[in-house]
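Asker: Protein sequences appear in the order of chains A and B. According to our numbering, the first sequence is numbered sequentially starting from 103. According to our numbering, the second sequence is numbered sequentially starting from 66.
Accuracy of the hints is not assured; some may be wrong.
Said to hold, decoys possible - On the chain B side, residues computed to face chain A include the following (Cβ under 10 Å): (1) Glu200; (2) Pro227; (3) Asn288; (4) Pro586.
By construction, these hints were calculated from the structure, which means they are not laboratory data. Backbone N, C-alpha and C define an ideal beta-carbon position, used for all residues, glycine too.
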Amino acid sequence: MAPLTPDQARALMGRALRLTKADACEVNLNANSGGNIRYARNSVTTAGATEDLQMVVQSNFGKRSGTVTINEFDDATIERAVRRSEELAHLAPEDEEFMPPMGQQQYVTSQAYFDNIANITPEYRTQVAANSINPSKAKECTAAGFLQDGAQWQAMMNSAGLFAYHRSTQANFSVTVRANDGTGSGYATREANDLTKFDVDSASRIALEKAAASRNPLAIEPGKYTVILEPEAGINLLANLIFNFDGRQADEGRSFMAKAGGGTKVGEKLVDERVHIWSDPAHPDIPTSPWQGDGRPYERTDWIAGGVARNLYFSRYWAQKKGVKATPFPPNLIMDGSTATTEELIRDTSRGVLVTRTWYIRSVDPQTVLVTGLTRDGTFFIENGQIKHAIKNFRFNESPVIMLNNLDALGRQQRVSGSDAGITSLMPVMRIRDFTFTSLSDAV
Amino acid sequence: MERRDFVQLTGTALGAVTVPIWGGGQRVADFSGSLTPIPSADKKALADVALNTAKSRGATYVDVRIGRYLNQFITCRDTKVQNITNTESYGCGIRVITNGTWGFASTNDVTPDGIARAATRAVAIARANSRLQTEPVQLAAEPGHGEVAWRTPIKKNAFEIPISEKADLLLAASDAALKNGANFVNSLLFLVNEQKYFASTDGSYIDQDVHRIWPVFVVTSVNTETGKFETRNSLSAPRGMGYEYLDAGAGEKVTGPAGANTITYRDSYDMIEDAKLAATQAKAKHTAKSVEAGKYDLVLDPTNLWLTIHESVGHPLELDRVLGYEANYAGTSFVTLDKWRSHSFNYGSPIVTLFADKTQPGSLGAVGYDDEGVKCKRWDLVKNGILVNYQAIRDQVHVIGQNASHGCCYSDNWSDVQFQRMPNVSLEPGTAQMTPEQMIAGVEKGIYIVGDSSYSIDQQRYNFQFSGQLFYEISGGKIVGQLRDVAYQSNTQEFWNSCQQICDQRDYRMGGSFFDGKGQPGQISAVSHGCSTSRFNGVNVINTARKL
C-alpha cells in the first residue's frame with residue numbers, strides 16, 4: 103500500500119474508470135499510515151500503529167448515484183465494485199440536488215508532506231512521552247499526553263477528466279500536567295506537518311509551568327471581565343462563528359447571518375474593524391489538501407476582513423441555484439494578529455483574566471451564536487500589568503460576535519486546532535473587554 | 066467523523082449529539098454479503114493466528130477482535146432524500162501484554178499473514194513502551210467462556226428493510242411538519258450493525274451481532290419579518306433495537322401533562338406524529354414568554370433528564386477518569402477515591418439510586434460480553450443517595466479492591482484499542498405511585514422541561530449547564546404557558562441532592578447518546594439512560610437571549 107505515488111494512483115483509479123458503463127463515474131483513493139502513544143499518571147498507557155487503503159467508486163445515472171468501497175485491488179474485485187455501484191445507482195431515489203462530477207480543476211500547490219514525520223518510529227514517540235513524564239515527576243506533578251503522527255495520501259479521478267493527488271504528513275501533540283495535590287493544572291498543544299516545526303518538548307515545559315503556577319486558585323466573582331484568550335482558548339469560540347457562515351442557511355433565514363426582512367449580512371460590518379479571518383490551503387504553516395472532497399479547489403478566501411463579512415460557503419447545488427461562486431467550506435482558519443507577545447498584552451492590562459484553554463463549548467442560541475463553555479488548565483487574575491494569582495475556573499455564556507466587537511488588542515499567532523473546534527488554525531492571542539463569566543466551577 | 070463534518074452532513078446541528086467523533090477505517094460500501102456474519106469457525110482460525118503469534122513472541126496475555134462494522138445513514142432535507150451512505154469497515158485489532166505493558170496494533174489485512182504481522186507489531190510496541198512502565202498491568206481474572214454467541218434481540222433487521230421504505234418514512238415526517246407550518250425539516254436515520262468476534266488467551270471465543278437505530282429530525286420555523294428562527298428537535302431516542310422501533314405502536318406513547326401538549330415515546334416511536342407536533346411547537350416558540358432568570362423547581366421529563374444523568378453521573382463515575390487516565394482529553398472527576406472510601410458521600414438525596422446495567426433490553430449499551438471478554442451485568446453506583454461504586458474494567462478493578470471487572474470495556478472499531486466506556490446508567494423510578502401531572506400539582510414556581518438541547522459540563526463534572534427543546538412555566542401547581550430562552554446551571558452534588566420526587570415505573574423511558582466521545586484517538590460509543598420524570602428544587606435558571 104502506502105506510500106502511493108501519483109502514477110500509482112492514476113493507474114489504480116484508471117483500472118476502475120475503464121470499466122464504467124454509467125453516465126459518470128468518480129473514484130477516490132485514501133491511504134494512511136501512522137502511529138500514536140498515549141500516557142497518563144506518568145506512565146505510557148496505550149500505543150499503537152495502524153494503516154489502511156481504500157478505494158471509493160461512485161457511479162451516476164442522471165441524478166441517481168451509488169457508492170461502493172473496496173480495499174482489495176485485484177481485477178475481479180475492482181470490476182465487482184464498479185458494477186455494484188452502478189446497480190445501487192439504479193436503485194437509489196433521484197436526488198434533485200445532485201451535481202455531476204467536475205472536470206479538471208486548477209489546484210494550488212500545498213507542500214504538506216515531510217519525510218521526517220512519515221518516518222517517525224515507536225522509539226521517537228516513547229522519547230516524547232519520557233521528555234514529558236520525567237520533568238513532571240521531578241516537580242511533584244503528573245503528566246498525561248497524546249502524540250499522533252502519520253502520513254496520508256489522497257487522490258481522485260473521474261470520467262469528466264479530473265485528476266487530483268495530494269500527500270501530507272501531520273503530527274499532533276497535547277499534554278496536560280496536573281499538580282499532585284490536585285490544585286493546579288496546565289495544558290499545551292503542538293502540531294505540524296514538518297518535524298522541524300514540531301517543538302514538542304516546549305509544550306511539556308509550558309504545561310508543567312502552568313500546572314505549578316495555577317496551584318491553590320482563589321475564587322473571584324463571576325461577571326464581566328477583560329480577558330486575554332490564548333490561541334487554544336480563542337479558536338474554540340472563533341470556529342463557532344465561522345462554522346455559521348453557511349450560505350444556504352443564511353439565505354433560508356436560519357442563521358445569524360440572515361437579515362430581518364430577507365438577504366444576508368455579507369458586506370455588513372459584523373465586528374471590530376481589526377478582525378481579519380481567512381483561509382488559505384497553501385499557507386506554509388498550516389498547509390491543507392488543495393481540494394474539498396467533491397473536487398472543488400480550495401483557494402485563499404476572506405471570511406471577515408476589516409470587520410466586514412466578505413464570503414459565505416455553499417454547496418455546489420445552492421451556489422448554482424443562487425448564481426454565486428461555490429466557495430467551499432473553510433479548509434483552515436487564519437486570524438491576523440500582531441507581534442505582541444502574551445506577556446506584552448498582560449503588561450498593558452490593568453485588571454483582567456488570562457485564559458489558557460476553553461472547554462466543552464456548545465451552542466446555546468444559534469440566532470446570536472451564543473455559546474457556553476468553561477475555562478480550564480490555567481486561569482489567572484491580572485492586576486496592574488502582572489499575573490497576581492491563579493483563580494478558579496469560570497463558566498461563560500458569550501457570543502463570538504459580541505466578543506469580537508469588544509476586541510481590545512491582538513497578539514502573536516500560534517497553530518492550534520482546538521479541542522472543541524477541530525480545525526487547523528493560526529490564531530492570535532486576543533484581549534477582549536467585557537467577556538461574560540456566569541458562574542464559578544470548582545474543577546481543576 | 067469530526068463534529069463539524071457531522072454538522073455538515075446533517076445540514077444543521079442536531080441537538081444532543083454528544084461529541085460525535087468517528088473512529089478510523091470506515092468506508093463506504095454496499096452490504097451485499099455483509100449482513101450475514103462471517104462463520105465463527107473461520108474467525109476462530111484467524112483469531113488463533115493472533116493468539117499464537119503474540120504468545121510465541123513473548124506476550125503473556127493476548128486478545129484479538131475481528132470486526133465488521135456496518136453503518137447506514139439516510140439523510141433528507143425537506144421533501145428530498147439528500148444522501149444514502151453505507152459504510153463498512155472490516156479489520157482486526159490485537160492487544161497484548163508484554164513485560165507488564167499493553168501494546169496494540171490493527172490491520173485491515175485480515176489474512177493469516179496480515180494478522181501475524183499485526184500481532185508481532187503489537188508485541189514490539191508493548192516492549193518499546195515497557196521501559197517507561199511504572200505500573201505493570203494487573204488484569205482481573207475472567208473465566209474463559211468457550212465458544213459463545215450473543216445477538217441484539219431485534220424483531221426487524223433495519224439493514225434489510227428496503228431503502229425506499231426508510232426514505233419514505235423520513236419524507237412522510239417532513240411532509241407532516243411542512244404541512245403544519247414548518248419552513249424546513251432536516252432528518253436522518255442512522256443504523257449501526259457491529260459484527261464482532263473476540264478471542265483471548267483466557268479461552269473465550271465470543272461472536273456477537275449488535276444492532277442500533279436512531280431516527281432524528283430538526284424542524285425549523287422562520288419569521289422573515291423579524292429575522293428570527295426557532296427549532297424543535299425530534300423527541301426520539303437512539304435505541305438498541307431493530308426497525309420495530311419505528312412501528313409507532315400506540316401503547317408506547319406518553320401524553321404529557323395538561324397544558325403542555327407533548328407526546329413522548331417508550332419502546333416505539335411515531336416519527337410522523339412527532340414531526341407534526343414539532344412544527345406547531347417550533348412556531349409557538351416565536352411568541353413564547355422569555356424566562357425571567359432565577360431559582361425554579363424543575364420538573365424534568367426523561368427526554369431531558371437522560372442527558373443530565375449522562376454528563377453528571379455517567380462520566381464522573383468512570384474509574385479511568387477518577388484515576389487520571391483521561392486527564393489530557395475528557396478530564397478527571399470530582400468523585401475521588403476518598404469520597405467512595407468514606408461510604409458516606411451524599412451524591413444525591415436519599416430517593417436517588419443510580420445503577421449501571423449492560424443488559425437492559427433495548428438499550429444502546431446492551432451486549433452479552435464486553436470487548437475484553439467479560440460477561441455483562443448490572444450494579445449500583447449510587448444507592449439511596451450514597452456513592453457505592455464506579456465503572457471499571459479488568460486492569461482497573463484492583464484499584465478499588467474488587468477482583469472482577471464490571472464488563473464495560475469497548476472499542477468503536479477494529480482499528481482502535483478498547484478501553485473503559487460508560488455502561489447504561491439509569492435512575493431508579495420512584496417507589497411511590499406518582500404521575501408527572503401529580504408532580505406538577507405540587508410545584509408553586511417551576512419549569513417543566515421536555516427534550517434535550519445545549520449541554521456543557523466542566524472537566525471534573527461539577528458545574529453544568531443544560532437547556533431543552535420545550536419549556537413550560539408552572540405556577541400554582543399548573544402549567545400556565547410556554548417559555549423560551551431557558552438554561553439551567555447547577556453543581557452535580559447540589560443538583561442530585563435537590564431531587565425531591567421521582568415518578569414511578571409507569572413513566573420510565575430511555576434516552577441516549579449515539580456519539581459519546583472519549584479517548585485519544587477519539588472514539589465514540591452509544592449508551593442509554595433511563596429514568597422517570599423527576600423534580601429538582603431551587604435550581605438556578607438563566608435567560609439566554611442576547612442582542613447583537
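Asker: Of the hints given before, which are not true for this structure?
Answerer: As far as the earlier hints go, not one is violated by this structure.
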